[in-house]
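**Student:** Residue 1 is where the sequence shown starts when you use the working numbering, and the numbers rise one by one after that.
FYI, nobody ran anything at the bench for these hints, they're computed from the structure. Honestly, I wouldn't trust all of these hints.
Heads up, simulated EDC-like pairs for lysine to aspartate or glutamate below, C-alpha to C-alpha not over 20 Å straight-line [as the list claims (entries may be wrong)]:
| id | residue 1 | residue 2 |
| --- | --- | --- |
| 1 | Lys19 | Asp66 |
| 2 | Lys251 | Asp240 |
| 3 | Lys44 | Asp27 |
| 4 | Lys49 | Glu36 |
| 5 | Lys131 | Asp55 |
| 6 | Lys44 | Glu30 |
| 7 | Lys231 | Asp205 |
| 8 | Lys40 | Glu86 |
| 9 | Lys58 | Asp27 |
| 10 | Lys58 | Glu86 |
| 11 | Lys172 | Glu128 |
| 12 | Lys198 | Asp240 |
| 13 | Lys113 | Glu226 |
| 14 | Lys109 | Glu128 |
| 15 | Lys131 | Glu86 |
| 16 | Lys152 | Glu69 |
| 17 | Lys15 | Asp66 |
| 18 | Lys152 | Glu84 |
| 19 | Lys246 | Asp205 |
| 20 | Lys131 | Asp116 |
| 21 | Lys49 | Asp66 |
| 22 | Lys19 | Glu36 |
| 23 | Lys231 | Glu173 |
| 24 | Lys44 | Asp55 |
| 25 | Lys40 | Asp27 |
| 26 | Lys19 | Glu30 |
| 27 | Lys19 | Glu69 |
| 28 | Lys58 | Glu30 |
| 29 | Lys15 | Asp27 |
| 30 | Lys44 | Glu86 |
| 31 | Lys152 | Asp205 |
| 32 | Lys109 | Glu84 |
| 33 | Lys58 | Glu84 |
| 34 | Lys109 | Glu226 |
| 35 | Lys40 | Glu30 |
| 36 | Lys15 | Glu69 |
| 37 | Lys49 | Glu173 |
| 38 | Lys58 | Glu69 |
| 39 | Lys231 | Asp105 |
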Amino acid sequence: MDEQRQRTGLFSTLKQVLKSQGLRYRDLAELMNTSEPTIKRLFKDQDCKLSRLMDICKAIGVNFGDLVELSTNSPTEPTVLPIEIESALVANNGLMSFFMLLISDFDLKVIAKQNDLLQTDIYLYLRELEKLSLIRLGQGNHFYFVVNRPIKWRSDGPMHSTLVRVNQRFIKEAITAHTGSNYPFYSASRLLSASSSKQFYQEVDNLYFRFQQQATLDQMFYPAEELQPFKMVATTTPFDLANYFKVPGFKN
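Start from the sequences, fold in the hints, and give me the full structure.
**Tutor:** As structure tokens, then:
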């Protein structure tokens, strides 16, 4: 499912590149020594090997890596779900967890295996998500999202307490696991000027973007069994140090 979403993005970007170069499907067909119907079918079905996409890039003089970057850089407006849908997810813990795994690109087979779910369970969860207009369900539990990802949860909405709990647990585990591990963990509080703080805001944004971009590339080129979930938590924000470290009156 995630691979197909990435292919859709690549083909959409390819169309933009062709338009910018003034190339029609007929022109591309001539460059690739094939027929115009073949090219039209390829763009319609978006079902081909990555090597075929690379051949197209070569034919029109575009670096495939540049195409991926262009596709990744295309802004996707995050979805803010209606409050009633967010509430419905929170009201059903199993459904919420199932949806969180889906939007994190977990395969249905992996979800079933890790949670000892039957195919009936998978279907019923998918059916509930379809009722909430989050996905469209087809035959054989095939589905596609009808909402853009990422999902932007309300800071004061029904999901807030769940997200706070998950992030607190993750940070606690990250701090604990940091000792003796190769995973980095940094925490610091220093005095900064307003201009310097804005610079670090931008750098954190850039790091977040690179994290998302690399994940997209890895999911495209590596088999699923060689990938594992990683979570990044990063922020730069004013820190009310005195509020965290209260000093009571001294007592003997």
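**Student:** Each of the hints needs a verdict: does it hold here or not?
**Tutor:** Hint check results:
A threshold of 20 Å between alpha carbons decides the hint, and for Lys19 with Asp66 the separation of about 16 Å falls inside it, so the pair holds. In summary, the hint linking Lys251 to Asp240 is not supported, as the alpha carbons are separated by about 25 Å, beyond the 20 Å threshold. Restraint check for Lys44 and Asp27: satisfied, since their Cα atoms lie roughly 17 Å apart, inside the 20 Å limit. This hinted pair checks out: Lys49 and Glu36 have alpha carbons roughly 19 Å apart, not beyond 20 Å.
This hinted pair does not check out: Lys131 and Asp55 have alpha carbons roughly 41 Å apart, beyond 20 Å. Distance check on the hinted pair: Lys44 and Glu30 sit about 18 Å apart at the alpha-carbon level, within 20 Å; holds. Straight-line distance between C-alpha atoms of Lys231 and Asp205 comes to about 15 Å, which keeps the hinted pair within the 20 Å bound. At most 20 Å may separate the alpha-carbon atoms for a hinted pair to count; Lys40 and Glu86 exceed this at roughly 40 Å.
About 14 Å separates the Cα atoms of Lys58 and Asp27, which keeps this hinted pair within 20 Å; it holds. Distance check on the hinted pair: Lys58 and Glu86 sit about 45 Å apart at the alpha-carbon level, beyond 20 Å; violated. This hinted pair does not check out: Lys172 and Glu128 have alpha carbons roughly 33 Å apart, beyond 20 Å. Only pairs whose Cα atoms come within 20 Å are accepted, and Lys198 paired with Asp240 is accepted, the gap being roughly 18 Å.
The hinted pair formed by Lys113 and Glu226 meets the criterion: a straight-line CA distance of about 17 Å does not exceed 20 Å. Restraint check for Lys109 and Glu128: satisfied, since their Cα atoms lie roughly 18 Å apart, inside the 20 Å limit. This hinted pair checks out: Lys131 and Glu86 have alpha carbons roughly 13 Å apart, not beyond 20 Å. With a C-alpha separation of about 23 Å, the suggested pairing of Lys152 with Glu69 is violated against the 20 Å cut-off.
Between Lys15 and Asp66 the CA atoms are separated by roughly 14 Å; this keeps the pair inside 20 Å, and the hint holds. As the CA atoms of Lys152 and Glu84 are separated by approximately 15 Å, the hinted pair is consistent with the 20 Å bound. For the hint pairing Lys246 with Asp205, the CA-to-CA distance comes to about 32 Å; that exceeds 20 Å, so the pair is violated. Of the supplied pair hints, the one linking Lys131 and Asp116 is violated, its CA atoms being roughly 24 Å apart against a limit of 20 Å.
This hinted pair checks out: Lys49 and Asp66 have alpha carbons roughly 18 Å apart, not beyond 20 Å. At most 20 Å may separate the alpha-carbon atoms for a hinted pair to count; Lys19 and Glu36 meet this at roughly 16 Å. Straight-line distance between C-alpha atoms of Lys231 and Glu173 comes to about 12 Å, which keeps the hinted pair within the 20 Å bound. Only pairs whose Cα atoms come within 20 Å are accepted, and Lys44 paired with Asp55 is accepted, the gap being roughly 17 Å.
For a cut-off of 20 Å, the pair hint linking Lys40 to Asp27 stands: about 12 Å separates their Cα positions. Simply put, Lys19 and Glu30 have alpha-carbon atoms about 16 Å apart, close enough for the 20 Å limit, and the pair holds. With a C-alpha separation of about 18 Å, the suggested pairing of Lys19 with Glu69 holds against the 20 Å cut-off. A threshold of 20 Å between alpha carbons decides the hint, and for Lys58 with Glu30 the separation of about 13 Å falls inside it, so the pair holds.
Of the supplied pair hints, the one linking Lys15 and Asp27 holds, its CA atoms being roughly 13 Å apart against a limit of 20 Å. Pair hint Lys44 plus Glu86 does not hold up; C-alpha atoms about 34 Å apart against a cutoff of 20 Å. For the given pair, Lys152 sits about 16 Å from Asp205 by alpha-carbon distance, which is consistent with the 20 Å threshold. Of the supplied pair hints, the one linking Lys109 and Glu84 is violated, its CA atoms being roughly 29 Å apart against a limit of 20 Å.
Proximity of Lys58 to Glu84 is assessed by CA-CA distance (about 48 Å); at most 20 Å being required, the pair is judged violated. Straight-line distance between C-alpha atoms of Lys109 and Glu226 comes to about 15 Å, which keeps the hinted pair within the 20 Å bound. Our distance criterion of 20 Å between C-alpha atoms is met by Lys40 and Glu30, whose separation comes to about 13 Å. Straight-line distance between C-alpha atoms of Lys15 and Glu69 comes to about 15 Å, which keeps the hinted pair within the 20 Å bound.
For the hint pairing Lys49 with Glu173, the CA-to-CA distance comes to about 40 Å; that exceeds 20 Å, so the pair is violated. With a C-alpha separation of about 16 Å, the suggested pair Lys58 and Glu69 falls inside the 20 Å cut-off, and the hint holds. Distance hint between Lys231 and Asp105 is fulfilled; the C-alpha atoms sit about 13 Å from each other, no more than 20 Å.
Checked against the numbered hints above, the structure violates hints 2, 5, 8, 10, 11, 16, 19, 20, 30, 32, 33 and 37; every other hint is satisfied.
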